Each structure stands twice: as structure tokens, then as C-alpha cells.
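**Student:** For the record, the sequence lines run as chains A, B and C.
Just so it is clear: in the first sequence, position 105 is 105 by this note's numbering, and no numbers are missing.
Just so it is clear: in the second sequence, position 69 is 69 by this note's numbering, and no numbers are missing.
Just so it is clear: in the third sequence, position 79 is 79 by this note's numbering, and no numbers are missing.
Hint data in this document are derived by calculation from the structure and do not stem from the laboratory.
One or more of the hints may lead you astray.
Straight-line C-alpha distance at most 20 Å; calculated SDA-like pairs for lysine to any residue [said to hold, decoys possible]:
1. C/Lys-91 x A/Pro-70
2. B/Lys-67 x A/Trp-113
3. C/Lys-91 x A/Met-1
4. B/Lys-91 x C/Trp-113
5. A/Lys-67 x B/Leu-68
6. A/Lys-91 x B/Lys-74
7. A/Lys-67 x C/Thr-79
8. A/Lys-129 x A/Pro-28
9. C/Lys-74 x A/Val-69
10. C/Lys-74 x A/His-78
11. C/Lys-129 x A/Thr-59
12. A/Lys-67 x C/Gly-72
13. C/Lys-129 x A/Leu-68
14. B/Lys-67 x C/Lys-129
15. B/Lys-67 x A/His-78
16. A/Lys-91 x C/Asn-66
17. C/Lys-67 x A/Leu-68
18. A/Lys-129 x B/Trp-113
19. C/Lys-91 x A/Val-33
20. C/Lys-129 x A/Val-33
21. A/Lys-67 x C/Arg-63
22. B/Lys-91 x C/Pro-55
23. B/Lys-91 x A/Val-69
24. C/Lys-129 x A/Leu-110
25. B/Lys-67 x A/His-107
26. A/Lys-67 x B/Lys-74
27. B/Lys-74 x C/Gly-72
28. B/Lys-91 x C/Leu-18
29. B/Lys-67 x A/Val-69
30. A/Lys-67 x C/Val-69
31. C/Lys-67 x B/Asp-84
32. C/Lys-91 x A/Leu-18
33. C/Lys-67 x B/Pro-70
34. A/Lys-91 x B/Asn-52
Looking from chain B toward chain C, a few residues come up when the C-beta cut is under 10 Å (computed) [to be verified]:
35. Leu-68
36. Glu-75
37. His-78
None of the values given here were measured: they were computed from a predicted structure.
A virtual CB, placed ideally from N, CA and C, is assigned to each residue, including glycine.
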Amino acid sequence: MVEQIEILLPSYQRGFHLITGVIEDSLPNLPAVGILHLFIRHTSAGLTINENADPTVRTDLERIFNKLVPEGSKEYIHTMEGPDDMPAHIKSTLTGQSVTIPITNHHLNLGTWQGIYMCEFRNRGGRRKVVATIYY
Amino acid sequence: MVEQIEILLPSYQRGFHLITGVIEDSLPNLPAVGILHLFIRHTSAGLTINENADPTVRTDLERIFNKLVPEGSKEYIHTMEGPDDMPAHIKSTLTGQSVTIPITNHHLNLGTWQGIYMCEFRNRGGRRKVVATIYY
Amino acid sequence: MVEQIEILLPSYQRGFHLITGVIEDSLPNLPAVGILHLFIRHTSAGLTINENADPTVRTDLERIFNKLVPEGSKEYIHTMEGPDDMPAHIKSTLTGQSVTIPITNHHLNLGTWQGIYMCEFRNRGGRRKVVATIYY
Numbered sequence: 001m002v003e004q005i006e007i008l009l010p011s012y013q014r015g016f017h018l019i020t021g022v023i024e025d026s027l028p029n030l031p032a033v034g035i036l037h038l039f040i041r042h043t044s045a046g047l048t049i050n051e052n053a054d055p056t057v058r059t060d061l062e063r064i065f066n067k068l069v070p071e072g073s074k075e076y077i078h079t080m081e082g083p084d085d086m087p088a089h090i091k092s093t094l095t096g097q098s099v100t101i102p103i104t105n106h107h108l109n110l111g112t113w114q115g116i117y118m119c120e121f122r123n124r125g126g127r128r129k130v131v132a133t134i135y136y
Numbered sequence: 001m002v003e004q005i006e007i008l009l010p011s012y013q014r015g016f017h018l019i020t021g022v023i024e025d026s027l028p029n030l031p032a033v034g035i036l037h038l039f040i041r042h043t044s045a046g047l048t049i050n051e052n053a054d055p056t057v058r059t060d061l062e063r064i065f066n067k068l069v070p071e072g073s074k075e076y077i078h079t080m081e082g083p084d085d086m087p088a089h090i091k092s093t094l095t096g097q098s099v100t101i102p103i104t105n106h107h108l109n110l111g112t113w114q115g116i117y118m119c120e121f122r123n124r125g126g127r128r129k130v131v132a133t134i135y136y
Numbered sequence: 001m002v003e004q005i006e007i008l009l010p011s012y013q014r015g016f017h018l019i020t021g022v023i024e025d026s027l028p029n030l031p032a033v034g035i036l037h038l039f040i041r042h043t044s045a046g047l048t049i050n051e052n053a054d055p056t057v058r059t060d061l062e063r064i065f066n067k068l069v070p071e072g073s074k075e076y077i078h079t080m081e082g083p084d085d086m087p088a089h090i091k092s093t094l095t096g097q098s099v100t101i102p103i104t105n106h107h108l109n110l111g112t113w114q115g116i117y118m119c120e121f122r123n124r125g126g127r128r129k130v131v132a133t134i135y136y
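So that you can see chain A by itself, here it is in the shape it has in the complex (with noise of 0.2 Å):
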């Protein structure tokens, strides 16, 4: 059985952020045992899965994501939709665009830290899509 839901997200400002509430308020009832699958439809934002109690991890991950992927380079040919364009491409395939996360008992499970995370790497990027397929 797979049901499938677009989740529209809220617009974040660039950096990680922790989205599990807004995802399991959109979700429906959850089977007993499971599989959760979440897509981004874009190619300069990400998901990934991340600590989610103290907000500095994040604010973290966003200063050494521009460290190992920096702006502005000369390098980059692919500058003509601004400087953080090309690093947001480069980032998307760094932390992947999909999640994959195991239900249990009608819950996500995910660790006690675990918290969804989605990466904004773009300065205005916008509302995002997300497709939540679910399978069982």
C-alpha cells in the first residue's frame, strides 16, 4: 500500500531548519510499520536528518557548509542566477534531497535527537515542495 502526499512548506531563510512538527502535522494517520519517504523537488535546497534540541547545530552546519563549498569563488561557470547559486547546487548533492525514515507503532522512528531537517541554501528560496510518500 503506498499513499502520497505534496506537502508546501512555509518560506525559510537560508540555513538548516527543523521541520519535523510542520511535516507530522501535514502527514496522515500513520500505518503500524512503515516507511516514510520525503522528496524536495528542487536542486538548491536539501533534505537530511540532524540534531534536534539545540538550535546552534544548525546555525553550525550553515557556517561550515560555506566554508567546505564557499561563495563567491572564481571558479564557478555557472554564476548567471547569482553568487549562491552554484554552491546551493553543490550543497543539494552533499546532503541529498530525500529522507527515508522507518514508522513504527504509528510514529515516526526516528532517535531521541533525530529531528528532520531542511536546508535552505539559497538567500530567497522560496516556498519548496516536498513529496511525502508513504508505504506499508
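Starting from the known structure of chain A, fit chains B and C onto it as the hints suggest.
**Tutor:** Chains B and C in isolation, oriented as in the chain A frame:
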């Protein structure tokens, strides 16, 4: 329901390559709703999703990945298969070996600008095998 | 059909570890065709797939990941759990927390050189939990 096929990709030169068309042409008719899982059976290549329009995005990705994981560093111990081998393993872990894409209305539900990339990290990788599994 | 179990891994020291055997020994009989999803319920460890033969690949991965995400940088704000903690969170997002592997003819359809890696990014991570979900 699960359907599975193996796809033998053409040989690609080192770099990032758009393979959406090759994959779609190889797949059977897609179900109304489901998931496509693609898995590359190699440790020196990867799969990712990124921009499908401007080929310079692929050129930039190749250059920046070579900067992130430089070849010829004296630090590598695993060098017996050539200078491109150990960097290829590391890049493969950074991109991942699989992508999972929602199927909606009998089509891959990629965003407007999303395409499937095969990342060839070896100088002479040869033909690579991808296992495609559709579940619905 | 979905089957799900939780696997409690042995305690591993910091580094990249081949766990294909541990996982296979923990799984029930596999279906003819399907998918195995493994999910590590932690934010300072990861799962990936890489070379299963030469252990120096794992040594090199550990060294290069430490270069990509250095410890002891003055830039981290999230430092209260020790100098290895924030780098561990970043590395976990780089590798990912899950792998998804096709099942073919009742076996994991890994390539000849592919193995499942557990990436322990903490100095003392303890025993880690993995949720294994098989769908077919």
C-alpha cells in the same frame, strides 16, 4: 508490489552526467503512485539529483568535488589502484550510491529543474550497473 | 508487505567499520525481490556503502573526513558535548543516516566490492541502534 530490473549504463567519462533519459527509457510502465529506487553497484561512482538544464553545473560539480577530495595527496594509504581510486571512494560516500524518487500519475515526480545524475569518479570506470526497483 | 526489526550494533571505536556480516546475520530470511532500508537512530554516526576488501579504505576515509570537518575549530558554537561532537553532526549529514539496498534472489544485491559501513564519528559512541525495514 515490487518490480526490479538491472540497467547497464553506457560508459561515461569521468564527471557528472545527466541520465534521466537513459533511466526512463529503460523502465517498464510506471504505476499510478509509488517509488523508484536506483542503486549503483559500485564504490567509485555515485548517483545524485541535480540541475538538468545548464551543463556547466556538471562541470562545476566535477571541479569542486576534485577540490574537496584532492588527488595525489601523500596521505592516502589505499593507492594501489591508481591516484583516482581512493578519492573516488570518498566522493562516492559524499554523493551516495542510490536515489529514491516518488512516482505520481505514472511519471517520475521530479521537480522542473531536477535530473538524475550518474557521477563517474574514475578515469576509466567502464560500464556501470544500476538496479532499479519500483514499489507500489 | 513490510517486516521490521531493530538491530543493536556492537560498540565500535571511532572510524569507518564494515558491518555487512553483522547486518546479514541479524536479518530474517529475505524475500525473492524487495528492498532493505537501514536507518541509524543517531545524529553523530552514519551509514554508507563502500569498499569491502582493503581495510585501508576505511582508514583513509576516517582521515579525510577529519580534514574536511576539522575538530577544535574556534568557529563551532555547539561545543558543550566535547570537541568531537559538532564535527560528528556535520559528518553524519555528509554520509547520511540510512542506506537502501535492493534484494534480489533472496540476497542483498550489493556489487562485488560493496559493503555496508557504520561510520562512528564520536570518540565514545557506545552501542548504536539500527532499524532494518524490508519491503517486498
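**Student:** May I ask which of the numbered hints given earlier this structure violates, with the numbers listed in increasing order?
**Tutor:** Failing hints, ascending: 2, 3, 6, 10, 11, 13, 14, 19, 25, 26 and 27.
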